[in-house]
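Protein sequences appear in the order of chains A and B. According to this note's numbering, the first sequence holds residues 1 to 247 in order. According to this note's numbering, the second sequence holds residues 1 to 247 in order.
Incorrect hints may appear among the rest.
[Claimed, not checked] Just a few of them, taken from the derived set where beta-carbon distance is under 8 Å, the chain A residues facing chain B:
| id | residue |
| --- | --- |
| 1 | Glu-70 |
| 2 | Gly-74 |
| 3 | Val-82 |
| 4 | Val-92 |
| 5 | Leu-94 |
| 6 | Ala-100 |
| 7 | Ile-148 |
| 8 | Ser-149 |
| 9 | Lys-226 |
| 10 | Ile-237 |
Quick caveat, the hints were computed from the structure, so don't treat them as lab data. For clarity, every value in this text was computed on a predicted model and none was experimentally measured. Beta carbons: idealized from backbone N, C-alpha and C, even for Gly.
Protein chains: 2
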Amino acid sequence: MAVSGAAWEPVQRSRTHELVMSQIESQLLSGRLKPGDTLPSERELASLLGVSRSSLRESLRVLEALGIIEIRLGGGPDSGAVVRNEPGFGFVRLLQLELAMGHFSDDDVLGTRIALEEWSGANAATLATSDDHAELTAILDRMDDPLISTFEFNQLDTAFHVRIAETAGNALTAHLMGSLRLAIRQQMIDAYARLADWRATAVTVRSEHRAILAAIVDQQPDLSRKLIREHIRSFYIRTEAGQQATE
Amino acid sequence: MAVSGAAWEPVQRSRTHELVMSQIESQLLSGRLKPGDTLPSERELASLLGVSRSSLRESLRVLEALGIIEIRLGGGPDSGAVVRNEPGFGFVRLLQLELAMGHFSDDDVLGTRIALEEWSGANAATLATSDDHAELTAILDRMDDPLISTFEFNQLDTAFHVRIAETAGNALTAHLMGSLRLAIRQQMIDAYARLADWRATAVTVRSEHRAILAAIVDQQPDLSRKLIREHIRSFYIRTEAGQQATE
């Protein structure tokens, strides 16, 4: 649904793109602009806001990079800037750049993963339904395939961890956790590749996953928390992906 | 220090701004571009990359919004696009927009804060030095001022929580935690304003902070973790900023 022109006001000061951004933010906050909505056309929106099309385009690029809107190319009725229904890759992109700049270390990522995942593990043990148990089991069963590739194994590994976060019922924790794993995905695949015998490591990973799942099924939050912490830390130690774990 | 032209290659495909972004990312990853460096001038960089100045400007705006570069206006020797030395407000901005869009709820923020902060509290109890103790004490002493305003009280409250995360020695956890608090700052100030007698709440907050600090000084990670969890949750319940806490 396109949003009517009445809600937009011309912006007044310089640093135009910041003001355009803040108008879009307040439209979102007020609920006049909602996920799934299509923004007015570039020409129309520039005119409604009283800014140049190049300033508007800068703002739209920023919103796109942050994963707030999706720009559908083409020109048909579905093309244009659409407000995303789900969080995008903004945090992954941001984190990858911050890691590239050395603002955060591998150990920082390890500690943050442990913080988010041990909390998720404890809550999953309290909240998991039999559907959650079945889905988590199905992921682990697929990881048991003896002919599995490292790529597929890593994907299912991520799916297991993210599914636990979802079981804990917190969309933000699950999103941050999934984004962290995406941001370090190449690093994890490289770490596996460095292993002399990745299938031996896979055996350990499988048995640790089964123990975590058992703690969740048995509704033991403290055990689940402890096993997840040790599992993440021991993977880092085994693969030397990080140097030393905190806590 | 400006970066030499040799490191840049003209980009080849469409979606130009994405390619410009990925070149800047690879310059950061390879270490040819470092925090504190100044990018070549807009005209020079556009020519080195073989893109239009408007495409380049879009990419720079995105990097600025993500908090990767800072654009210094003026025209003197210090003006231009500088790679930031520290993480910026990218995550705060992103989170505010996601909250505005309803991708995450107040309860999601509460759970994520507890995850990050209870981990930080446990590690702070293990790692805190006497300097950390002194600084945390100094913050709490300032919060004891009977004439303190709600605004200042909230600022010091944030300082105390972020200082614990820093004591835990994890820059990413500290950054995420600080960003989360910034994103919900107005909401927290409004929650205080809704209280019939905010000074009564302040008394409780002060005594909970002192108990957390004592657990850190006494090197009791489990107690510190538990007190922080209860402290964050009880503030939400008291102020009705969230409805129900997970875990």
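Evaluated hints:
1. Glu-70: Hint on Glu-70/A: violated, closest Cβ of chain B at ~13 Å, above 8 Å.
2. Gly-74: It is violated, given that the least Cβ distance between Gly-74/A and chain B is near 14 Å, above 8 Å.
3. Val-82: violated (12 Å)
4. Val-92: violated (11 Å)
5. Leu-94: holds (5 Å)
6. Ala-100: Hint holds; Ala-100/A Cβ to chain B Cβ min 4 Å, cut 8 Å.
7. Ile-148: Ile-148/A check fails; min Cβ-Cβ to chain B is 30 Å, beyond 8 Å.
8. Ser-149: Because about 26 Å separates Ser-149/A from the closest Cβ in chain B, which is outside the 8 Å limit, the hint is violated.
9. Lys-226: Since chain B brings no Cβ nearer than about 12 Å to Lys-226/A, farther than 8 Å, the hint is violated.
10. Ile-237: violated (18 Å)
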